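Chemist: Residue numbers (full-length UniProt numbering), protein chains in the order written: chain A, 1 to 834; chain B, 1 to 520.
Note that these hints are calculated values from the structure, not bench results. Any given hint might turn out to be false.
[Unchecked claim] With a straight-line Cα cutoff of 20 Å, these simulated PhoX-like cross-link-like pairs (lysine-lysine) come out:
no.	chain 1	residue 1	chain 2	residue 2
1	B	Lys281	B	Lys18
2	B	Lys123	A	Lys285
3	B	Lys80	B	Lys123
4	B	Lys5	A	Lys433
5	A	Lys388	B	Lys369
6	A	Lys388	B	Lys5
Owing to the predicted nature of the structure, the values given are computational and were not obtained by experimental measurement.
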Amino acid sequence: MVAPAALRVVRCGGGGRLCGARPVFSADAKYLLCASGDFVKMYSLGTGETLRLMGGHADLVTGVQLNPRNHMQLYSSSLDGSIKLWDFMDGIPIKTFTVGCKLLALYALASCEDSVFVITPKSGERDTFQLVSVKLTKAAGQDIEAKDLSVVLDGVDVSPKCTAFGREGEYVASVKDVNLQVYFFKRKLLNRFSVNAMKTKGGIHYFTCVVCHPTEDCIATGHADGKIRLWYVNFHHKREYTFSTLHWHHDFVLDLAFSMEGTSLLSGGVESVLVLWQNLSDRQKDFLPRLGSAIEYISVSPDGSLCCTLHADNRITIINSNLRLSRSIQGLIKSTDVKTGLVVDPRTKALVLNGEPGHLQFYCLQSDQQLFSLDIVQRQYIHQAGLKQVDLVKVAFSAQGKWLATVEEREEVTDPELQLKLWFYDEETQSFKLNTIINTPHDDHITDMCFRDMDEMEDDSLILVTTGRDCVFKVWVIVEDTDPEAQQSVSWSCDFVGSYHNYQATNCCFSEDGSLLAVSFEGTVTVWDSLTWDLKCTFCHPPGKIRNICFGRLTCSKYLIGATDHGFLCCWNLLSCALEWSAHLNILVLQPDPLSEHIAAVSWLSKESSLFVFKPNEPRPIYIQRNLCKEKIQLAAFVPRDEPETTDSEKYLWLRRSQLFFLTDTQELMTLSTKSLEERLTPSSKQLAVEESLPVTPFSLLLGKHRRQQSQEDTDLGKLVIHNKQEQDSPAVKELLHTPAHVLPSASFLCPIFIKSLLISKENKSAEEVADEVEMESEKAEDDSDEERDVTEMEQEDTSPSKLLGEITCKLSKYQEKELRKIRKMDYSWISAF
Amino acid sequence: MAAYKPVVVQAFPKLGEKITQDTLYWRGYKTPVQIKEFGAVNKIHFSPVLPYNYAVTASSRIHIYGRYSQEPIKTFSRFKDAAYCATYRDDGNLLVAGSEEGSIRLFDVSGRAPLRQFDGPTKAVHVVGFLSDKYRIFSGGDDYSSSLWDIPNGTEIISYSEHTDYVRCGCASKVNADVFITGSYDHTVKLFDARTKSSVMTIEHGHPVESVLLFQSGGLLVSAGGRYVKVWDILKGGQLLVSLKNHHKTVTCLCLNSSGQRLLSGSLDRHVKIYSTTSYKVVHSFNYATSILSLALSPEDETIVVGMTNGVLNVKHRKPEERKEESQKKRQPAYRTYVKGRTYMPKQEDFCVSKPIKRVLRKYDKLLKSFQSSKALDAVLEPPIRLHTPEVTVAVMQELHRRGTLRSALAGRDEKQINLLLTFVARRVIEPRFTPVLITVADMIADIYQPVVGQSAIVDRQFLKLQEAIGKEIDYQEELLEVLGMMDTLFATFTEKSAAYPEENKSNGLTETVETNRNN
């Protein structure tokens, strides 16, 4: 690559939203494949780890399906108009079929040879979509044009959930608004239905999703009023459909799934409760409540042992067949609104932002994993649309990460319910512990909050400042409790309340050494001495209110930077109390780098965001990146790198020690990187194995395992037998077996020899031991009977006499030698007789 | 899947007095017994020996009371005018008292007529006492003199005329038989040694000295005069250790408890304060009906006797140690049920099925978990929760409000239940910690049951009560705001920067209250 390559904007957080398509289990239910932004992600179900990230599509992936004829292969469709065939075990694309128009959903059927079904927009008409079958030719080569399209159904819904294929691909069911249409392939028959004709007790009852029974002629549809209807298709009378209703959900039914045998139905919705309808009846249902957020997709593994739910907040939950939670796969949880901003935890260097409702997620950027989720609100979250619930709005860490301050609020008509909580990091449990709760710290919303950032003085002079729309800023300090019986020794209390002309306080910021506090009140920035709380000076840049303020750092600590909502970026000198420079820029985000004097500012002008990096002491920016992205950038954060990156380019020096991350208003986390995508994706070298032969049923799986085990045992035994044979292949046994019975000596004589020959000797080692024994014995006891020794020596001779003797002779005394000689002279010819 | 999170009940820091060991100890007295004396009680002294009778000097009589008697068991009334300062000797056999006419009389406790009468002082003798060798008596009188008397001879040994005003208090050292101190209205406390011709130490108290006290060790001296109680170190030559100003009227009497760990002071401001002698902080205080003149504590702190200016003697006895009734011990499962199976170590091939930990939820939590709002509200309106832990009731109401089901939970109730709800709201709505939630509740109740107003007398009465409570609260808040405004003007007049005054309890949702009021 050419040396100073342009910085590129890279999505991080492992690709993007998972909600593009229904996830797919691999045939052996070991891996899970799902669409994630422009990528197809493969997770291991055992560990929850991301195994593969298959990239190649130029736009969002909209459908993922296993190849019905080869379960090692995968089809994926994308908005860029191509269908790709992957070998997902190795993560290589095999073929690319270019269709040419946007593909919004993908279906693959076992019964349809070499063709797949896709949903495409109808050419010429807006907002009408059709189900199209695409013939995938078996031509050679990587890139193939697939132009052989045939329309199956017209006027289908854009959502992939609204079309489903029935038993063995005999028919296709599709729903749109209040209409259900079923098309039979063989008879080329189209049946239309609408729920409009039926009586409904008010409420919205249009369709939200449809699934087909795997073995019977039954279609299940979900409705917006929370009902599930089961339609029984009668082939003989073409317009007679009977249906039954299941009702538990009180809001949209977002997805349905039949179990593999079709005996039960799973449904999920906004309530984030997974409902299992046993035997498709209303009588018996099981629940798995409190799954965290709305269930978008449900899919069931081919062997029926697992199912997984994909949630609206980018999380996958794996659930056992007996409705027990097995695992949760979560990367960056996308909450609807990141109110807390992007904050970096000084301890773990993790990115901290809103996670699940009421939780704070600590997201590790390196491993793309959620480190942990801290429950801040500690209240039951009710999953119900339109309910105002307590939400986390502000977060601040002290410099060392020892204290964490959080603000939660609940919108109310009269006055908001506010709580300021202070958490202390407990070294023992390695987690944050609640220290103080302050109810209604301000009378109105809290707009900003910051700790005095002083590394060396953290303990005694830690100060928290909150600014509120009630026109005051408050200073909170630690007070030590003198009462020895109190449970905790420190708590927080208000120390000072400051205000300025009854203007709303909007931002606050401490200077680097902590001596000055800048608080912006609408259009004015006030600077306060943090020791005496005296107002030192004020700055303003009319017209317009102050949107952001920050102090310069290190060599630029005498400057104060502010951005107004009238499109000015100003830099004031604190020593001369004068405006140093100003620039006409509509700055949305102002973010100082904690490790250097650089400040990043993101501007929004005519539908594009631009990034400016500058030092406060010179008005010329160091780096400008125009057209950062099309979306509005909401938040940004500098994350310190573990080791400084080595860049030779002067231009990117500001990226050396920390990395800039930013979050767009569509909740995409992006970063700037000099490396290309290929370098960033570290290919996993793991060899993945998928079982070639698949068991047909769970029973056969069980049986197969059993059998395999047995056969393995057999082979093991066989080995053992062979092993023994080698050992026992002694001439003694051979002789015994081959000599005629009438020649053999008496059984009582043969028996001990035979048994002895069956014993497995320990070869050399045992022989040595025996030899030692001999030595000892010979040393201590001369009066031992010769016969006894003879027996031991006999054994020696049996195993490896020559080596043994050599060893022994070098050590033995004369007497022993004599003895040995005596033994050697003895006649062993009777053994050879066997 | 996250487990169900129970309703968070807000814990509020406890306001007011903290309960310490001291408060528990000093609260352990029965309701006082009041005995009417003939005049102001100027001295109470406990006999140092069993049965701890006490001599009460009031007007011209000395009454001896038994421990639990409400009538005097003995009376010495041979005084023409007021008697002063009847004091027991260490062995409890003799009693000495001064008098208005100037004579000092020595009584045998079992006899009636005085054993000795020391005539000499021409003016009233307000303080007498035994030295610790038991054979000498010291006295101080209105003739400014402090004298020492010999009991066997009945003669004066020495007389010091160093004070320049009335001598009104004194105390003998328990360590040295020759040392005694007297306090005078000339603002000084003087320490005398019987072996020398003049005082050995003079301490300036700064106010007319009403009472002096020596610690058992003899090293520390406590003097009371004016509003001050001062502690002096005699061994350091009379250095002031600490000056206590906890009363707002003259301190008249001092007393140590039996262990010497606590110092008691009684004052004309009707309070008895108890100090710790290590930190000299007030650890407890008693209130009395009238100004206190004298105070005594029996050995073992069994009885506190306080004499008042209106002649009332207030006697408090310690409650007998409560024998905790061994409550019927619950039959607990045998030990073996706990250890059963606990010691089993699973083998490697064993498949462990862990037993799910059963979480015990409160009744209202169970109901909330299954979204039964009305029943949950019913559960927290049960008497034990409603009366003893109103914060739980309010927390559940708040939770229901968050879930948007408060209205339906409140609706559809009969007369009895509305009555209950309204009683609760009317009673608690003025508590600042409950106000925001209960205002909403009151609002909703008024909204829901507006059509039925006038159908039930009970409910109507409750509505009126609620209105009254809210009206009172509004008046109170207005007053508070006025005070706040006054304080603001005061602060504004300060030229130097004043520290930020703490957050005042601003009227919470005043407009809301008015609205509710109107609804009624």
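Chemist: A separate judgement is required for each hint: does it hold in the structure or not?
Modeler: Against the structure, the hints come out as follows:
no., hint, result
1, B:Lys281 with B:Lys18, "14 Å, holds"
2, B:Lys123 with A:Lys285, "102 Å, violated"
3, B:Lys80 with B:Lys123, "14 Å, holds"
4, B:Lys5 with A:Lys433, "17 Å, holds"
5, A:Lys388 with B:Lys369, "18 Å, holds"
6, A:Lys388 with B:Lys5, "18 Å, holds"
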